[in-house]
Amino acid sequence: MTHFKKSLFASVAFACGLVALPVHAATPLPDGLAERQEARVDHRQDRQADRITQGVASGQLTGREQARLEHQQRRIGRLERRTEADGQVTYREAARVERAQDHASRSIARQRHDRQHPGR
Numbered sequence: 001m002t003h004f005k006k007s008l009f010a011s012v013a014f015a016c017g018l019v020a021l022p023v024h025a026a027t028p029l030p031d032g033l034a035e036r037q038e039a040r041v042d043h044r045q046d047r048q049a050d051r052i053t054q055g056v057a058s059g060q061l062t063g064r065e066q067a068r069l070e071h072q073q074r075r076i077g078r079l080e081r082r083t084e085a086d087g088q089v090t091y092r093e094a095a096r097v098e099r100a101q102d103h104a105s106r107s108i109a110r111q112r113h114d115r116q117h118p119g120r
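Each residue of the sequence shown is one higher than the one before, starting from 1 at the first, in the numbering used here.
Simulated from the structure, these hints should not be mistaken for laboratory data.
All clues given are correct.
Label-pair ranges, simulated between beta-carbon atoms:
1. D86 x A39: 13 to 21 Å
2. Y91 x D114: 32 to 40 Å
3. G63 x A109: 16 to 24 Å
4. A85 x G63: 26 to 34 Å
Just so you know, even glycine gets a beta-carbon here, dropped at the ideal spot from N, CA and C.
Working from the sequences, and respecting the hints, build out all of it.
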């Protein structure tokens with residue numbers, strides 16, 4: 001196969017993959033998977049709220065840090081409600097909620113261990 005044909009074949013294969021990707025991302029999650037995803041997201045939100053509460057109780061979080069982290073949790077809750085509003089959650093929407101939770105989890109860990117204490 002000539003170099004031109006190889007690169008043409010690779011380009012066509014790549015383009016087909018790009019076309020197929022958005023179709024999969026817009027596909028709703030199957031019912032059982034959607035319910036497990038929703039329960040997992042809710043449980044994770046509860047655990048993150050507990051981590052914030054523990055950080056305040058232990059003095060690891062300042063009032064401003066607490067407010068910022070709680071605001072972040074409320075935004076994730078709104079995002080979750082919006083994704084579920086039409087009755088189906090797509091793979092892309094589920095990934096977006098998970099990314100937001102990952103970001104929030106890192107923020108909580110970072111703020112709890114930044115050696116800032118209330119009143120200082």
